[in-house]
Amino acid sequence: MTTTTPPRVAVLGAGKLGGAVTALLARAGARVSLWARRPEAAKQVAKEAGKGVEVAASVADACRGARLLCFAVPVEGLREVARAAGEVTTGDQIALHACRGVETGFVLPSEIIRSETCLKKLGALGGPLYLDDAAHGRPLVAAVGARFDDVFRAVRVLTANTRVRAHPTHDLIGVELCGAISNVAQIAAGLAEGVGLGETDQGTLLVRGLAEAAQLGAARGAEAATFLGIAGVGDLIPRQVTSTRRNRHLGREIGQGMAAAHAMAAHAALEGPVTAREARTLGDRMGLKLPLIQAVDDVLWRGAAPAEALERVLTLDLSLSF
Amino acid sequence: MRARDRERVLSELTSRVVEETAKAGRVEEALADAVYHEQRRLKEDRSKTRDEELGFWRDVRDEMRRASERALLDQLKRVVARYGNEICGQFDERVYNSVTRAGEPMLGLLLNAVSPKRIMSELFDERHLPRFDDSVVLQGEIPLLHKLRERGTLILVPTHVSNLDSIAVGYALWKLGLPPFLYGAGLNLFSNQMLGFFMRNLGAYTVDRRKQDPLYKRVLKEYCTLTLENGYDNIFFPGGTRSRAGAVEKKLKLGLLGCGLPAYTHNLQAGKRDKERFYIIPATLSFQLVLEAETLIDDFLKEQGKARYIITDDEFSRPKRVFDFLTQLLSLDSKIFFTIGRPIDPCGNAVDDEGESLDPCGRRIDATRELWVDGKPAVDEQRDAELTREVGERLTEAYARDTVIQCTHLTAHATLNLLRKANAGVDFVRLLRGGGRADDVPLRELHAEVRRLLDELRGLNKRDGVRLGPIALDRDAEDVVADGLRHFSIYHAQPAVQRKGDRVSSGDRSLLFYYSNRLEGYRLERGSGLRSPLTPDHRALAKGA
Chain Z
394 MTTTTPPRVA VLGAGKLGGA VTALLARAGA RVSLWARRPE AAKQVAKEAG KGVEVAASVA
454 DACRGARLLC FAVPVEGLRE VARAAGEVTT GDQIALHACR GVETGFVLPS EIIRSETCLK
514 KLGALGGPLY LDDAAHGRPL VAAVGARFDD VFRAVRVLTA NTRVRAHPTH DLIGVELCGA
574 ISNVAQIAAG LAEGVGLGET DQGTLLVRGL AEAAQLGAAR GAEAATFLGI AGVGDLIPRQ
634 VTSTRRNRHL GREIGQGMAA AHAMAAHAAL EGPVTAREAR TLGDRMGLKL PLIQAVDDVL
694 WRGAAPAEAL ERVLTLDLSL SF
Chain U
462 MRARDRERVL SELTSRVVEE TAKAGRVEEA LADAVYHEQR RLKEDRSKTR DEELGFWRDV
522 RDEMRRASER ALLDQLKRVV ARYGNEICGQ FDERVYNSVT RAGEPMLGLL LNAVSPKRIM
582 SELFDERHLP RFDDSVVLQG EIPLLHKLRE RGTLILVPTH VSNLDSIAVG YALWKLGLPP
642 FLYGAGLNLF SNQMLGFFMR NLGAYTVDRR KQDPLYKRVL KEYCTLTLEN GYDNIFFPGG
702 TRSRAGAVEK KLKLGLLGCG LPAYTHNLQA GKRDKERFYI IPATLSFQLV LEAETLIDDF
762 LKEQGKARYI ITDDEFSRPK RVFDFLTQLL SLDSKIFFTI GRPIDPCGNA VDDEGESLDP
822 CGRRIDATRE LWVDGKPAVD EQRDAELTRE VGERLTEAYA RDTVIQCTHL TAHATLNLLR
882 KANAGVDFVR LLRGGGRADD VPLRELHAEV RRLLDELRGL NKRDGVRLGP IALDRDAEDV
942 VADGLRHFSI YHAQPAVQRK GDRVSSGDRS LLFYYSNRLE GYRLERGSGL RSPLTPDHRA
1002 LAKGA
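So the sequence lines, in the order shown, correspond to chains Z and U.
Numbering-wise, our numbering puts 441 at position 48 of the first sequence, and it's gapless, one number per residue.
Numbering-wise, our numbering puts 685 at position 224 of the second sequence, and it's gapless, one number per residue.
What the hints contain is simulated information worked out from the structure, not anything from laboratory work.
Fair warning: there could be bad hints in the mix.
So, partial list: chain Z residues that the calculated Cβ filter (under 7 angstroms) puts toward chain U [unchecked claim]: (1) 484; (2) 504; (3) 508; (4) 545; (5) 546; (6) 555.
Don't be surprised by glycine CBs; every beta carbon is placed ideally from N, CA and C.
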């Protein structure tokens, strides 16, 4: 009987996502090299995950020789980590990320990794990706957007012994946009909740967010179907309306009267505010009509009153087109 | 292709295509498709070989009806070998050597070879032949091109605006001291026996775009792959066909370009060490005037946007027109720029001056690992298609960067902008058809608009975003307009831009649109309120929307 060595995976980041991915892969029998900016956080995750997880001293150590690289860091730190990885990466390696935001200039996470490394076989994890499901042994559902089939094959191999249900799509940009703009829509829904609007209005804003993501997607070459699939609607239905996620919380706080600058300073690592600002800039440049994104940007960055900004969005003709 | 390689390559070609088709269980289907497509094509065909061809396909069809599996395979071999022979053609090194040894006069002769009668009259009077020496400017990464040729096989991918391109490229390669490259030339270019003779012996092989049979396309692709594997430098025109709208190519047909990756992978698998690398070399050709401009833009604007892929009755098929065009163009001290761009590897990575692949940060990488499957090089169609798409993106960037903007482009673009502003609210298609309130614009305004464009373009040029011709680079707007008008006045029946006193108008707005489009995609109209008529989907324009 022959035994095959399990593939080695580099997990970069030991936050909620990095921790969950590490635990999941370790349970599936993969060898994981875990790196985190704070070594003690990595050690803690490794200890909890158990066998098969080693803590790497540097990004390069984690990535060298790994079959797959999982970038589990917020978008604001992605470039630095990718640059360090780029010192040792090779063209046959696969990279995944789960960032839900953009960099200044509306640079998508895959574009950041692409510009700092030789990696081309890139995938974005999107859709519900509800980590609590994984923690409770329930199926973890995610969309995997990638242009190369190699990425899907690698994900299939790694998750063969798990309850991960990865839905592949070649629309990498579409999956990234769904994730990024859903955070903006979450802020809008939080604002609505904060100013006392009901669930119908909150739901309307979330759907509007999806439609605007689709518009941006069309301008960037994404497919409309992605926004109606697991990465878009599939993310919206299971949890967004009643979400307690941090972008929603930020919106709620501002809706309830906290100054936007103060609230954003308290939630500095959130990806939604920067995404709103950059999406608005891009939309203006491309002549797109993005009233929801514009309203969130106005509230967060230009001092607009939440109630008035939302009222303007909700009373517009919101005919949606995907 | 050299005679000593021909039989071996054709035999390998046949066995690869047949084996692959058999493995996919598609032998009968492939034959049936071939018979159907070819018989259908031949219904409309008026060539001398029609009867022989029809006879061949009738024979294949009849054989199929009673054939065993073994016999079907033999029929497939027969069809593939026929296609292979037709594509491969003949190359006689002796003819090539004699043509290139004679140098410029012979290449001038080649240009006139479209007319055997003319050859006779010109042969004895070299003064009449167009002189290229002073007119073709070779620039860009020429030393690197020579260096990489020593290290690997080159795939030259030029922009394509005119049928004169292949001849201009041939001239440029000869001038650079490089041996012939193989390239696929449309069957229409071979229809003239004399021109066909020269083209074949300068490295051209035949591409019959009328053939819709998937098997033919498969054979063509495999032929290209094999020539690359055997170290033959190739030229592909990734635009597929001449740019109809006059714009720098943005949408490329990547079919033949995609041959680079399987060829490279096969060489890696075979452990080939001698010149196993491939380098893709973008090249741009920039003319002040385009021989077939009227036909091309007319085709672009044809009703319902059904542009013809193959044009056989354009200016290129009229010898006098070709001759007049060249002599008039060259008489104006006009320059044809042939710019060699920065090479890339077959995976789309930049390469350094030693030919080593680089990542986006400029670090050296082993690009062969992109072609690994389970730790070793392997062909993967989906991966290769995606990498080739990236190559296409790098090429379109290179084309935009290396295109040389000349006075005709600037003069046309500025005039069209002013006409659009003067006719605000008028449908663009109507404007092109001569409609609108204002027919002409003041020369003074044209100078101002050209000045604005020059400011933008010179800024872009400093950031390596575009190249400019000598006048556009450092002379003032008045000189640019004067040179543009001078060029427009010498060739086209109705000039794209003409001056009447202190005003300018267009004698042919379609032509104006054609030359103007060379500046599309450089975002020169930001803030002017004018939206590009070519985006987001120029088909809408062609449909008259």
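* Does the nearest C-beta of chain U fall within a distance shorter than 7 angstroms of the C-beta of residue 545 (chain Z)? -> Violated. Min distance 10 angstroms.
* Going by Cβ atoms only, is residue 555 (chain Z) closer than 7 angstroms to chain U? -> Hint violated; residue 555 (chain Z) Cβ to chain U Cβ min 22 angstroms, cut 7 angstroms.
* If you take the shortest Cβ to Cβ gap from residue 508 (chain Z) to chain U, is it below 7 angstroms? -> Status holds, d = 5 angstroms.
* Let me know if the C-beta of residue 484 (chain Z) comes in closer than 7 angstroms to any C-beta of chain U, holds or violated. => OK, holds: residue 484 (chain Z) within 7 angstroms of chain U, min 3 angstroms.
* Status of the hint placing residue 546 (chain Z) at chain U (closest C-beta pair under 7 angstroms) -> With Cβ-Cβ at 9 angstroms, over 7 angstroms, it is violated.
* Asked: Should the interface hint for residue 504 (chain Z) be scored as holding, given a Cβ-Cβ cut-off of 7 angstroms against chain U?
  -> With a closest approach of 10 angstroms, the residue 504 (chain Z) hint is violated.
In this structure, the hints that do not hold are numbers 2, 4, 5, 6, in rising order.
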